[in-house]
Amino acid sequence: MAEIAPQKQVNVSKQPDEEVISPWREAWKGFRRNKLAMVGMGIVLFFILLAIFAGVIAPEGINEQKLSERLQSPSASHWFGTDDFGRDVLSRIIYGARISLWVGFFAVLGSAAVGSLLGLVAGYYGRLVDTIISRIFDIMLAFPSILLAIAVVAVLGPSLRNALIAIAIINIPNFGRLVRSRVLSVKQEEYVMAARAVGMKDSRIIFHHVLPNSLAPIIVQGTLAIATAILEAAALSFLGLGAQAPQPEWGKMLADSRSYIIQAPWTVFFPGLAIMLTVLGFNLLGDGLRDALDPKMKK
Amino acid sequence: MEQPVLNVSKLETHFFTDDGEIPAVDSVDFHINKGEVLGIVGESGSGKSVTSLSIMQLIQAPGKVVGGEITYKGENLLTKSEKEMRKIRGNEIGMIFQEPMTSLNPVFRIGNQLIEGIRIHKKWSKKKSWEHAISILKLVGLPRAEELMNEYPHQLSGGMRQRVMIAMAMACDPEVLIADEPTTALDVTIQAQILELMKKLNRETNTSIILITHDLGVVAEICDRIVVMYSGKIVEQGKTSDIFQQPKHPYTIGLIESVPDVRVRKDRLYSIPGNVPKPGSIQKGCHFAPRCSFAFDKCFEEDPVLLETGSNQQARCWLHEDEKKAAVLERVNS
Numbered sequence: 001m002a003e004i005a006p007q008k009q010v011n012v013s014k015q016p017d018e019e020v021i022s023p024w025r026e027a028w029k030g031f032r033r034n035k036l037a038m039v040g041m042g043i044v045l046f047f048i049l050l051a052i053f054a055g056v057i058a059p060e061g062i063n064e065q066k067l068s069e070r071l072q073s074p075s076a077s078h079w080f081g082t083d084d085f086g087r088d089v090l091s092r093i094i095y096g097a098r099i100s101l102w103v104g105f106f107a108v109l110g111s112a113a114v115g116s117l118l119g120l121v122a123g124y125y126g127r128l129v130d131t132i133i134s135r136i137f138d139i140m141l142a143f144p145s146i147l148l149a150i151a152v153v154a155v156l157g158p159s160l161r162n163a164l165i166a167i168a169i170i171n172i173p174n175f176g177r178l179v180r181s182r183v184l185s186v187k188q189e190e191y192v193m194a195a196r197a198v199g200m201k202d203s204r205i206i207f208h209h210v211l212p213n214s215l216a217p218i219i220v221q222g223t224l225a226i227a228t229a230i231l232e233a234a235a236l237s238f239l240g241l242g243a244q245a246p247q248p249e250w251g252k253m254l255a256d257s258r259s260y261i262i263q264a265p266w267t268v269f270f271p272g273l274a275i276m277l278t279v280l281g282f283n284l285l286g287d288g289l290r291d292a293l294d295p296k297m298k299k
Numbered sequence: 001m002e003q004p005v006l007n008v009s010k011l012e013t014h015f016f017t018d019d020g021e022i023p024a025v026d027s028v029d030f031h032i033n034k035g036e037v038l039g040i041v042g043e044s045g046s047g048k049s050v051t052s053l054s055i056m057q058l059i060q061a062p063g064k065v066v067g068g069e070i071t072y073k074g075e076n077l078l079t080k081s082e083k084e085m086r087k088i089r090g091n092e093i094g095m096i097f098q099e100p101m102t103s104l105n106p107v108f109r110i111g112n113q114l115i116e117g118i119r120i121h122k123k124w125s126k127k128k129s130w131e132h133a134i135s136i137l138k139l140v141g142l143p144r145a146e147e148l149m150n151e152y153p154h155q156l157s158g159g160m161r162q163r164v165m166i167a168m169a170m171a172c173d174p175e176v177l178i179a180d181e182p183t184t185a186l187d188v189t190i191q192a193q194i195l196e197l198m199k200k201l202n203r204e205t206n207t208s209i210i211l212i213t214h215d216l217g218v219v220a221e222i223c224d225r226i227v228v229m230y231s232g233k234i235v236e237q238g239k240t241s242d243i244f245q246q247p248k249h250p251y252t253i254g255l256i257e258s259v260p261d262v263r264v265r266k267d268r269l270y271s272i273p274g275n276v277p278k279p280g281s282i283q284k285g286c287h288f289a290p291r292c293s294f295a296f297d298k299c300f301e302e303d304p305v306l307l308e309t310g311s312n313q314q315a316r317c318w319l320h321e322d323e324k325k326a327a328v329l330e331r332v333n334s
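Here the protein sequences come in this chain order: A and B. Just so you know, we're using full-length UniProt numbering here: the first sequence kicks off at 1 and counts up by one. Just so you know, we're using full-length UniProt numbering here: the second sequence kicks off at 1 and counts up by one.
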């Protein structure tokens, strides 16, 4: 190797335009061209900013009751009107973004982490471990998910935190099965065999080779799952099993205002619109990510 | 005689499938000396790759090594634990695979993949491993080694990736390099370059190389000795020059016959009639007998043993049990 050493200095010059293109950057380029996906990302970013700066943006606090201004229709002073306690609906929706995004994000984070880990183990080791884990997933999927969530909350007691846990639990098998099937194909790739031939440990192969190559579908599924989780959280709150008054959760707001739907439709319309827009945003974003990260799945 | 680096004896690797137990490798014996290049030749399904994976202990279910011994530096690899094997893989015995396009992880930079093995075995710092990896990339003849370290596999051509794979296998300076069809997926000019590189590495680092291939041209190019496998068994082994000049087994003769020769214009290339039998489908007699034009009664009755046919040359064929029959073969041969 000594004969090669003097060459070292020669190769340093690098063309400025020759940029190293990572697979992620490549995906981003594809994503940016997708208009619907960009709209989805815009909506999601909008709600995230709303949640972060709720304290600055919201014209009123969440619990400022003005009984003299009950059930007012949208006007210049209350853009989205007021509810039966005289609270500003717009302000409550802005604060509600915090709750919904928080629940959606952390519930999905939890189920993605647990589900992916189980899926990795099941797919990589196969045999009995796989059978046991897969059958547990099957059992969980045999229940309608909202029913399972209701059962979990019934056991833990109704609260927003428990609703989050319930949503996390019911989404575990979705991630688990997704990751397992992905691992089954990645495991057959030659670079996994090559990694073993270099003397790598199973745990290192799983986390360094199999997981990174399974990340794209996890991200896609994760984004889409946030949409469902937000919807499920709203449903649980609507049923009185999630957020408790006076938390400004959108589903809860729907439930509380539903008796005024004729008198004051704005109290129902705007929280519903907020739910719909967020879910739409995450779905568009998720579809866009899928197209960008997994070109094979494109129709 | 010199002590071989790696000695395989009576190796049996079976696959336990729904159709029963299939002997993919059936009582295989061979050895490789220090600094030698050994070619293992055979058609698809002859058990070449399973043999190499057995040495590395990388056989996956439903396959299992059920018998024999693989002795490396005086120790039987088959009795080693998975943990002990991990220290040997990549460090003592390196391996390169057939498909350079898929043998590199697409989401990691070349450099990160190269230093993984070095860091595991040599326990060097990241910086030192990185520098060592660059020197190995230069050793395998890759230009712009420093920049390549930061690139992703998809930016490299097939030939370059195979060089990276060789670099990865050579990174810890192994005693033995197993190359499983390293040139099959590459085009001819690149094939020659890769073979040239392997020959150079063999000369310069004195690494023993086991080259697994179905391509006799590749074998003739760089191997010192050849093992010919058929249906999980060794049918002939000997020095490359001896085997090319005096093939003793009808199968080897057929293989050599079917190599195209540009100097002779032929309308039709010779091919051995029939296919490699499904392992385990032949219960009695020589596995090659149904395709063999020299086969006689005994071939269908009794499985031949490896018979000495010359100095350091053996063939698994009944023809060589009998002088007269062997003479017929010689005549046809010449």
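These aren't lab readings, by the way, just hints derived from the structure by calculation. It cannot be assumed that every hint is accurate.
Subject to a maximum C-alpha distance of 27 Å in a straight line, what follows is the list of computed DSSO-like cross-link-like pairs (lysine-lysine) [to be verified]: (1) A:Lys-187 with B:Lys-87; (2) B:Lys-127 with B:Lys-10; (3) B:Lys-123 with A:Lys-201; (4) B:Lys-83 with A:Lys-201; (5) B:Lys-10 with B:Lys-200; (6) A:Lys-201 with B:Lys-298; (7) B:Lys-87 with A:Lys-201; (8) B:Lys-122 with B:Lys-64; (9) A:Lys-201 with B:Lys-128; (10) A:Lys-187 with B:Lys-34; (11) A:Lys-187 with B:Lys-64; (12) B:Lys-122 with A:Lys-201; (13) B:Lys-73 with A:Lys-201; (14) B:Lys-298 with A:Lys-187; (15) B:Lys-278 with A:Lys-201; (16) B:Lys-128 with A:Lys-187; (17) B:Lys-80 with A:Lys-201.
Status of each hint after checking the structure:
1. A:Lys-187 with B:Lys-87: This hinted pair holds, its Cα atoms lying about 22 Å apart.
2. B:Lys-127 with B:Lys-10: Violated, at about 44 Å.
3. B:Lys-123 with A:Lys-201: Status holds; Cα separation ~15 Å.
4. B:Lys-83 with A:Lys-201: holds (8 Å)
5. B:Lys-10 with B:Lys-200: Distance of about 32 Å is beyond 27 Å: violated.
6. A:Lys-201 with B:Lys-298: The given pair, whose Cα atoms are some 50 Å apart, is violated under the 27 Å limit.
7. B:Lys-87 with A:Lys-201: With Cα atoms ~10 Å apart, Lys-87 (chain B) and Lys-201 (chain A) stay inside 27 Å; holds.
8. B:Lys-122 with B:Lys-64: violated (30 Å)
9. A:Lys-201 with B:Lys-128: holds (22 Å)
10. A:Lys-187 with B:Lys-34: violated (34 Å)
11. A:Lys-187 with B:Lys-64: Roughly 19 Å separates the two Cα atoms, so the pair holds.
12. B:Lys-122 with A:Lys-201: holds (15 Å)
13. B:Lys-73 with A:Lys-201: Satisfied, since the Cα-Cα distance of roughly 23 Å is no more than 27 Å.
14. B:Lys-298 with A:Lys-187: Given pair Lys-298 (chain B), Lys-187 (chain A) is violated - Cα atoms ~46 Å apart, limit 27 Å.
15. B:Lys-278 with A:Lys-201: violated (34 Å)
16. B:Lys-128 with A:Lys-187: Measuring from Cα to Cα gives roughly 30 Å; hence the hint is violated.
17. B:Lys-80 with A:Lys-201: holds (15 Å)
The earlier numbered hints that this structure contradicts are 2, 5, 6, 8, 10, 14, 15, 16.
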